[in-house]
Amino acid sequence: MIQAVAPKIEKNYLNEKVGLLSWLLTTDHKRIAILYTFSITVFFFIGGFFALMMRLELLSPRNWLVSAETYNKLFTMHGIIMVWFFLIPSIPGTLGNFLIPMMVGAKDVAFPKLNLLSWYIFMLGGGVTVYALFRGGVDTGWTFYTPFSTTYSTTYVVAAAVGIFIAGFSTILTALNFIATIHSMRAPGLTWFKLPIFVWSMYANSVVLILNTPVLAITLVMLAVERIFTVGIFDPALGGDPVLFQHMFWFYSHPAVYTMVLPAMAVISEIVPAFSRKPLFGYKAVAFSSIAIAVVGFLVWGHHMFVAGESVYSALAFSFLSYCVAVPSAIKVFNWTATIHGGSVSWDTPMLYAIGFIGLFTIGGMTGLFLAALGLDVHVHDTYFVIAHFHYIMVGGSVMAFLGGVHYWWPKISGKMYPEGLARLSALIVFIGFNLTFFPQFVLGYLGMPRRYAAYPEEFQMLHVLSTAGATILGVGYVLPLCYLIWAWHYGRDATPNPWRATGLEWKSSSPPPTHNFEVTPIVTAKLPYDYEAMKEELELV
Amino acid sequence: MITNFRLWPESASSVAGGVDLLFLILLVVCTAVSVGIAAFLIYSAIRYHRKSPNELGTQTRYNIPAEVTWTVVPFIFFMAVFVWGAKLYFEIQRPPDNAMSIYVVGKQWMWKVQHLEGQREINEIHIPVGRPVKLIMTSEDVIHDFFVPAFRTKQDVLPDRYTTTWFEATTPGKYHLFCSQYCGTKHSGMIGWIYALTPVDYQRWLTQGAPEGSLASTGEKYFHQFGCANCHHFNNQGRCPDLRNLYMRPVLLTTGKTIIADDSYIREKLHDPDAQVPWGFSANVMPNFTGVVTEEQILALISYIKALGPQPGTQEPSSSGAAPAEYGTQKGIGGPGATSNAGSQVEKR
Ligand code: HEM
Ligand SMILES: [Cu+2]
Ligand SMILES: [Cu+2]
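These protein sequence lines are chains A and B, in that order.
The first sequence begins at 33 in the numbering used here and counts up by one.
The second sequence begins at 49 in the numbering used here and counts up by one.
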């Protein structure tokens, strides 16, 4: 306690240099992580604002708050911002940037300047997208289906596409940087099978991003070319094929949905062992399941097109492969659960988020089984069932994991502790709000409520009202951490280097770490990852 | 205020029960597994809750039999669901041979419906219960989607091609029709009703508000109006194929390939006449009708051509549109005569 209140005097990455320029020109991966944290938080709340407006509009079956035109722009901008400017960069840009070099015992990423460039490119892409939004928005849906997007929409489609196109380069560069770092900068003795699973998952994630983002880029270029120069690619009136667009989009986007969840799995795979004081159960199974997801994830895109005029035989193949890709996800769930069993389980906030994640991800994954069942998907495709399915994974899963990760590494990042009681309460509010928002949407979907409807028949109202009520609770659950984390940054209790007594290399550094992460390059002598047994004395565990 | 609140959708088609059954079974199994996992998680979190700050968990790292079990068992379960879902899908996707056809054209933001008997409807479709109905659909602009929750059927409606869906209503009633593919500003207004009528009511509906004539007879009018009849008549010296007995028959092409003269083939003739030229005829003869005929007119023309000849395998009452006099005597030339077993590429898979 006495040690905790003693003022810190040593230099760390936060206080070594001061001033705005020292941040804007930094090549320190930890400071870049903070820059990303700042940007994606802003984008999250912009996207969240759109969501709230949609939920309010849906309180009534008629258009009472906004027009249909505005509603269509709301869901489009919500999707675009949340997918490309929050979910995909969220964990990689923030926790990935901060932790990968530290976890491998390096001073920085392999290409620090490129890392800074990534952030600027990301901001440029975000800027262009926000420009499109203020000029009047886009109304195509985040999926940009043709020929609506190329020929019929009168909104700022090209501007939004350019914004996403630009942001894609940032994604590619960051992924490249991570891969290079993981390959070439590991501390002496840190072999592949001693790496924290976080690193494995982020590696798999980076490979996917490098392979799929160029496909999105070329698809958006083709879309823009058709829209600007009326070259027939997708619009049948010009001799194109509208379904071709869907193939290209989902060939990108199915892997993309996995790049929104692989980083979340990465975080959970760290929190669960740390708060159970136990090695991750089935380390190799979990590591290889990430690779399996990355590979098989590229082969299932057609499951988004079961009623789009796809031949029954390709539907058959895509359904089969979708079930195959569900297996590695199941493996992870079982291994996380087995890790908790027999551990020394703490109920600190990160663990609450992790347990919440496992539950919600399980529901999200299981409803994927419903959707991959061909005859069933015919009914629920493009209804609220699908909306609920992917929000369980991307919000119940990825956002929860992100929040869990932020709490877990907060002492390391900020050098301060967050207020535990308030944080637990917020986690509970998020969990309740989330379920109240999205569970009714499964019911709505099976009842036949189509997605992207600004107005709807009266019989759906009750469930929509429930969902909106949940959304307001969820909103509170998101604003609370924003407030107390900012508070904690200034006034929180000072953190010790390893407050959770976890095993990763990042905890061997001070909190917050010095600019070069480690006073001396760590040498890894442990034989296994998460080696509590060997570190018992060091961590004072019995 | 809030009316008709329900938690389970109406089910009114021959496939709805099968879909619901699969859904329910999955729901039961998945709920059981989820609850099991959640209970185990909560149990472990409580049972192994940290008792002292220095406590360490048991250091087990893996268990191969467990690993194999939770890989193989889910996989087997997934395969069972896969097979079941696929069987259901084939049932939902393949219309029975004796289905009656109705044509549907989607456009921003309405559904236009044409019955073979000549009735036209907008955002409403009247059908008889107990008879399979096959919809042949296309779009004039963007992609739409024809979704009837009570029937558990859904099919995207694409521009420039025909897609089909079918259903057999089992219970008379009024059911929602939704557009389920985002199609622009008034997407949520692109909704309508399906009226499933008893056979008696359906007959009464057919005779009410008597249309000017069957769809085929409207097609016949267009056949003359657009000048089709100028070439495709009995003594055209072999410049163009005879269209009698063409519908759903194999056509030998100049490429040596054989295809079935289905709706898509006939539609393509109007938009891109030289894409597939029948054996014995030359390209650059038939004019391109793009921008001249509308999708609805094409559908009428198709049903006229359909009426010109028998269609193998269907017991549909042939519509009242009769062949024009000049077709009465002339023998078929070229194309339609060629035979092959090749399946059509679009319609019947
Ligand atoms: C556990 C394995 C999973 C299976 C079997 C699965 C299956 C499916 C299927 C079949 C669809 C298409 C549904 C339709 O449009 O009718 C779908 C949609 C979707 N899934 Fe999954 N899914 C799984 C996991 C995930 C994960 C991990 C994510 C994201 C992190 C995800 C995100 C999405 C999204 C975003 C959509 C809808 C996209 C849109 O239409 O806008 N799914 N899923
Ligand atoms: Cu997918
Ligand atoms: Cu629509």
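Check the hints yourself; a few may be wrong.
What the hints assert, rightly or not - Okay, derived cross-link-like pairs now, EDC-like style, lysine to aspartate or glutamate, Cα gap no bigger than 20 Å in a straight line:
{"id": "1", "chain 1": "B", "residue 1": "K222", "chain 2": "A", "residue 2": "E490"}
{"id": "2", "chain 1": "B", "residue 1": "K234", "chain 2": "A", "residue 2": "E101"}
{"id": "3", "chain 1": "B", "residue 1": "K99", "chain 2": "A", "residue 2": "E101"}
{"id": "4", "chain 1": "A", "residue 1": "K316", "chain 2": "B", "residue 2": "E115"}
{"id": "5", "chain 1": "B", "residue 1": "K222", "chain 2": "A", "residue 2": "E491"}
{"id": "6", "chain 1": "B", "residue 1": "K155", "chain 2": "A", "residue 2": "E101"}
{"id": "7", "chain 1": "A", "residue 1": "K568", "chain 2": "B", "residue 2": "E103"}
{"id": "8", "chain 1": "B", "residue 1": "K99", "chain 2": "A", "residue 2": "D273"}
{"id": "9", "chain 1": "B", "residue 1": "K99", "chain 2": "A", "residue 2": "E490"}
{"id": "10", "chain 1": "B", "residue 1": "K234", "chain 2": "A", "residue 2": "E490"}
{"id": "11", "chain 1": "B", "residue 1": "K155", "chain 2": "A", "residue 2": "D273"}
Stated by the list, open to error - Here are some of the chain A residues that sit facing chain B, going by a computed Cβ distance under 10 Å:
{"id": "12", "residue": "L56"}
{"id": "13", "residue": "T58"}
{"id": "14", "residue": "L67"}
{"id": "15", "residue": "A317"}
{"id": "16", "residue": "P360"}
{"id": "17", "residue": "I363"}
{"id": "18", "residue": "W368"}
{"id": "19", "residue": "H373"}
{"id": "20", "residue": "W379"}
{"id": "21", "residue": "G391"}
{"id": "22", "residue": "T415"}
{"id": "23", "residue": "Q493"}
Said to hold, decoys possible - Derived Cβ-Cβ restraints for the label pairs, each shown as a range:
{"id": "24", "chain 1": "B", "residue 1": "N52", "chain 2": "A", "residue 2": "V508", "range": "28 to 36 Å"}
{"id": "25", "chain 1": "A", "residue 1": "G159", "chain 2": "B", "residue 2": "T338", "range": "36 to 44 Å"}
{"id": "26", "chain 1": "A", "residue 1": "A558", "chain 2": "B", "residue 2": "R54", "range": "56 to 64 Å"}
Derived from the structure by calculation, the hints contain no laboratory data.
Backbone N, C-alpha and C fix where the C-beta goes; we use that ideal spot for every residue, glycine too.
Status of each hint after checking the structure:
no. : hint                         : result
1   : B:K222 to A:E490             : holds (15 Å)
2   : B:K234 to A:E101             : holds (8 Å)
3   : B:K99 to A:E101              : violated (57 Å)
4   : A:K316 to B:E115             : holds (10 Å)
5   : B:K222 to A:E491             : holds (14 Å)
6   : B:K155 to A:E101             : holds (18 Å)
7   : A:K568 to B:E103             : holds (10 Å)
8   : B:K99 to A:D273              : violated (64 Å)
9   : B:K99 to A:E490              : violated (53 Å)
10  : B:K234 to A:E490             : holds (17 Å)
11  : B:K155 to A:D273             : holds (18 Å)
12  : L56                          : violated (40 Å)
13  : T58                          : violated (37 Å)
14  : L67                          : violated (35 Å)
15  : A317                         : holds (5 Å)
16  : P360                         : holds (9 Å)
17  : I363                         : holds (6 Å)
18  : W368                         : holds (9 Å)
19  : H373                         : holds (4 Å)
20  : W379                         : holds (7 Å)
21  : G391                         : holds (5 Å)
22  : T415                         : holds (7 Å)
23  : Q493                         : holds (5 Å)
24  : B:N52 to A:V508: 28 to 36 Å  : holds (32 Å)
25  : A:G159 to B:T338: 36 to 44 Å : holds (42 Å)
26  : A:A558 to B:R54: 56 to 64 Å  : holds (59 Å)
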